[in-house]
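Quick mapping for you: the protein sequence lines, in order, are chains A and B. Mapping of the first sequence onto the working numbering: position 274 corresponds to residue 274, and the numbering continues sequentially without gaps. Mapping of the second sequence onto the working numbering: position 153 corresponds to residue 153, and the numbering continues sequentially without gaps.
Check before you lean on any hint, since a few could be wrong.
[Unchecked claim] Chain A residues, not near chain B, derived (Cβ > 10 Å throughout):
1) Leu2
2) Ile5
3) Ala6
4) Pro37
5) Glu43
6) Ala58
7) Arg92
8) Asn115
9) Ala134
10) Arg228
11) Gln234
12) Leu236
13) Glu246
14) Arg253
15) Ala287
[Claimed, not checked] Using 25 Å as the maximum straight-line C-alpha spacing, the simulated DMTMM-like pairs for lysine to aspartate or glutamate come out as follows:
16) Lys378(B) <-> Asp401(B)
17) Lys378(B) <-> Glu359(B)
18) Lys53(B) <-> Glu73(A)
19) Lys53(B) <-> Glu100(A)
20) Lys53(B) <-> Asp269(A)
Read the hints as simulated data drawn from the structure, not as lab findings. Quick reminder that beta carbons are idealized off the backbone N, C-alpha and C, glycines included.
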Amino acid sequence: MLSRIAESLYWIGRYLERAEDTSRLLEVHLTRLLEDPVVDEEEVSRILLRVMGIDDEASPDHHTVLQLLGWDESSSTSMVAAFHGARESARRSRETVSTEMWEAINTTWNMMRGNRLQHLPAHRACQLVRERCAVVGGIADSTMSHDEGWQYLLLGRSLERVDMTSRIIETAAYSADGPYAWTQTLRACGAHHAFVRTYRGDATDQRAAEFLLVDRLFPRSVLFALDRAEEALQALEGGTRVPSTEALRALGRARARFEFGALEDLTVDLPTRMSDLQRTCSAVNDAVSSHFFDGAGQTVWRAGVR
Amino acid sequence: MAGAFTDYPTSTSTFDEAVAADGRVRAAYDQVATQFEEFGLDDVRNRAEYVSKSYHDQGVTFDYEGEERPFPLDIVPRIIEASTWSHVEEGVGQRVRALEAFLADVYGAMQIVTDRVLPRHVVTTSKHYHRVAYGIQPVNGVRVHVSGIDLIRDAEGTFRVLEDNVRIPSGVSYVLTNRRAMTSTLPEVVGTHRIRPVAAYPDRLLRALRAAAPSGVQDPEVVVLTPGPYNSAYFEHSLLARLMGCRLVEGRDLVTQGGRVMMRTTHGLQPVHVIYRRVDDDFLDPVAFRNDSVLGCPGLLNAARAGNVTIANAVGNGVADDKLMYSYVPDLIRYYLGEEPLLPNVDTWRLEDPGHREEVLDRLDELVLKPVDGSGGKGIVIGPQADAAELDQLRTAVLRDPRGWIAQPVVQLSTIPTMVEEGMRPRHVDLRPFAINDGEKVWVLPGGLTRVALGEGDLIVNSSRGGGSKDTWVLSGDGRRSRFQRQSQRSLPLGTAPQVALTRSEAEPAEQEQQQQQTGGMPC
Numbered sequence: 001m002l003s004r005i006a007e008s009l010y011w012i013g014r015y016l017e018r019a020e021d022t023s024r025l026l027e028v029h030l031t032r033l034l035e036d037p038v039v040d041e042e043e044v045s046r047i048l049l050r051v052m053g054i055d056d057e058a059s060p061d062h063h064t065v066l067q068l069l070g071w072d073e074s075s076s077t078s079m080v081a082a083f084h085g086a087r088e089s090a091r092r093s094r095e096t097v098s099t100e101m102w103e104a105i106n107t108t109w110n111m112m113r114g115n116r117l118q119h120l121p122a123h124r125a126c127q128l129v130r131e132r133c134a135v136v137g138g139i140a141d142s143t144m145s146h147d148e149g150w151q152y153l154l155l156g157r158s159l160e161r162v163d164m165t166s167r168i169i170e171t172a173a174y175s176a177d178g179p180y181a182w183t184q185t186l187r188a189c190g191a192h193h194a195f196v197r198t199y200r201g202d203a204t205d206q207r208a209a210e211f212l213l214v215d216r217l218f219p220r221s222v223l224f225a226l227d228r229a230e231e232a233l234q235a236l237e238g239g240t241r242v243p244s245t246e247a248l249r250a251l252g253r254a255r256a257r258f259e260f261g262a263l264e265d266l267t268v269d270l271p272t273r274m275s276d277l278q279r280t281c282s283a284v285n286d287a288v289s290s291h292f293f294d295g296a297g298q299t300v301w302r303a304g305v306r
Numbered sequence: 001m002a003g004a005f006t007d008y009p010t011s012t013s014t015f016d017e018a019v020a021a022d023g024r025v026r027a028a029y030d031q032v033a034t035q036f037e038e039f040g041l042d043d044v045r046n047r048a049e050y051v052s053k054s055y056h057d058q059g060v061t062f063d064y065e066g067e068e069r070p071f072p073l074d075i076v077p078r079i080i081e082a083s084t085w086s087h088v089e090e091g092v093g094q095r096v097r098a099l100e101a102f103l104a105d106v107y108g109a110m111q112i113v114t115d116r117v118l119p120r121h122v123v124t125t126s127k128h129y130h131r132v133a134y135g136i137q138p139v140n141g142v143r144v145h146v147s148g149i150d151l152i153r154d155a156e157g158t159f160r161v162l163e164d165n166v167r168i169p170s171g172v173s174y175v176l177t178n179r180r181a182m183t184s185t186l187p188e189v190v191g192t193h194r195i196r197p198v199a200a201y202p203d204r205l206l207r208a209l210r211a212a213a214p215s216g217v218q219d220p221e222v223v224v225l226t227p228g229p230y231n232s233a234y235f236e237h238s239l240l241a242r243l244m245g246c247r248l249v250e251g252r253d254l255v256t257q258g259g260r261v262m263m264r265t266t267h268g269l270q271p272v273h274v275i276y277r278r279v280d281d282d283f284l285d286p287v288a289f290r291n292d293s294v295l296g297c298p299g300l301l302n303a304a305r306a307g308n309v310t311i312a313n314a315v316g317n318g319v320a321d322d323k324l325m326y327s328y329v330p331d332l333i334r335y336y337l338g339e340e341p342l343l344p345n346v347d348t349w350r351l352e353d354p355g356h357r358e359e360v361l362d363r364l365d366e367l368v369l370k371p372v373d374g375s376g377g378k379g380i381v382i383g384p385q386a387d388a389a390e391l392d393q394l395r396t397a398v399l400r401d402p403r404g405w406i407a408q409p410v411v412q413l414s415t416i417p418t419m420v421e422e423g424m425r426p427r428h429v430d431l432r433p434f435a436i437n438d439g440e441k442v443w444v445l446p447g448g449l450t451r452v453a454l455g456e457g458d459l460i461v462n463s464s465r466g467g468g469s470k471d472t473w474v475l476s477g478d479g480r481r482s483r484f485q486r487q488s489q490r491s492l493p494l495g496t497a498p499q500v501a502l503t504r505s506e507a508e509p510a511e512q513e514q515q516q517q518q519t520g521g522m523p524c
């Protein structure tokens, strides 16, 4: 397929996942501010923004966070901007994505554009973004041919999920002493219910971390998403006998570290491990674009539409 | 309850296609009028809003001053009777055949100039006569793979040609989406009419493009070349690519190597054989044309000359749809085809002729002046609507470059009832039928794009000037289809269940009916 179209599909995957994950993160953050009586609003907001790559806010409060991660179209980290990215990428590959998928994306964009989300209660807006991303994802699953283009979409989605989950876990790690930190993190990953069912009464912080990092059955765990990304890349390489791309090797190394490392070490120095993981994602992204997209790349994390 | 056509104003100076001057509804619109009457104005209005919302969500848009807008579709269809259409169809086909012959001639022997039918300078001074295209021989002789011939109906109801578009005519995507929108919005109305379908267009186009592939290529790779998502017709480019199952490429996806055109894919460079380009000549190949252009691909023209790739429509076609050339087309039809033109032109003054010029300059305030190479209604001055300063400017412009202008009388385009704020009102329309030449036959899409000027009294219908569109129904037979017929089909006795055809029939209903009558098959 055309390199440019492959790149668009990859970015649709990334942007949709980014919009969805940002909405989860945002909602949990807002809930925490409301429910936790002793929380320092400025401090947790600063941590959240730093983890999302924004360092320069002087004294952030929940308004700033909502703007920067929620609605501000000019802020590259907002869920609206991410969705806009998905929509523009879909527009560029409109003859390739299915009609129904395009319509789902476009209809959603019409719901969001022109600051429409801001007029909803914040929780409702976050929920809407998540639901619409699920609709688009579901339609994509069932109406797109599961061919090469599909694998690019899947690769983008999985890689973004690794990256975003690691950011979510990192925020938890910074406030690990709070009693609700891991509960909130599980919620942010949509994992609370699955976790509670898995461990019943025996829920500890260590187990929560394990669950989010290496659970083989939960689709948003780091290991699960790394596996998916690797599968997609393998499919794209078309069964070459040795792992031929730098991207595949980097993914494999990261996966092996989580898959075969000692469980009790998992939570040691979590922030550093998570930053490492984000760097891996970025390296994989660069390797994928230079190998498959013919160097058309120079795409960095916030490069905008591809 | 107010009916849909109640209080519809009539006029004697313009031809209304639905309602005659005495207020009587014309036969073709009879059924629609009755059904709209039954719905009532409010229901019609609701349905019109539904169309607009669905276009918004589907992204059926065009670019208007940098903003993506849904293309307005009016709820009242334009209806053309079978007999009227067959005349238009033949006239359009005739015109395309003459223009093909003309292009082959001017990029070859120039016999028409030798025979003194056309002055040489008319060709050589055309901005779109590209010497670099000289000598490129199309494989199957086709240069005008796709054309859009703009027609209007004058005060007597006669169809006249307004202009020819044989470069990159656009708008066909709206013909396809309009029909789908009308089917879902007015199923009852569509269901009681026998309307010739338009869905065959992408198939026909693909077939014509494949037929134009360089010789020796068994399974040609056909691509659609777009300037990109910021082009006003991007929606159309992507829709056509999708419906034909072709790749939609941008210039940067292409590269030429050793006289061949390749595209960058995830599995390396792969050859391209036919390019349905939606990029203007000037931007197509920086080697041959504007060297600052990045929309096209360097070396395309050489590849075409070497016979390794077919560019559709051919480079240099603009010499044939220049508005000055337009005034000679009736002569071209007589010269090349030995036939009388079936569709008349609008009277046209050539301003490079001193006699014509003098007359026109005297009557600037009564005439329409058009730049010969303008498109999208750009630069047109409608004399009666212009003020003194504009006319002075115009006079200077004409004197500076007489070759650059033509003049025509103000033609009162026909009107059709159109849903506006106040209800149903007459609005001016034109018609752009699309024709595809596959080298064997010129096929005309039944109907085409009806554009409608949404402002009262407006004569310019271009979407870039705020115009909208109507679904255009070409009726088959008497155009009626009754519920009874449809039900009787459903209750066919089991033993006579129709066989599933092994190959898809591409015949039109009219042709099918004929064939069935011959073979005595079931009506369908």
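Cross-check of the supplied hints:
no. : hint                    : in the structure
1   : Leu2                    : violated (5 Å)
2   : Ile5                    : violated (7 Å)
3   : Ala6                    : violated (5 Å)
4   : Pro37                   : holds (44 Å)
5   : Glu43                   : holds (42 Å)
6   : Ala58                   : holds (35 Å)
7   : Arg92                   : violated (6 Å)
8   : Asn115                  : holds (16 Å)
9   : Ala134                  : holds (18 Å)
10  : Arg228                  : holds (19 Å)
11  : Gln234                  : holds (14 Å)
12  : Leu236                  : violated (7 Å)
13  : Glu246                  : holds (16 Å)
14  : Arg253                  : holds (24 Å)
15  : Ala287                  : holds (14 Å)
16  : Lys378(B) <-> Asp401(B) : holds (17 Å)
17  : Lys378(B) <-> Glu359(B) : holds (24 Å)
18  : Lys53(B) <-> Glu73(A)   : holds (24 Å)
19  : Lys53(B) <-> Glu100(A)  : holds (16 Å)
20  : Lys53(B) <-> Asp269(A)  : violated (53 Å)
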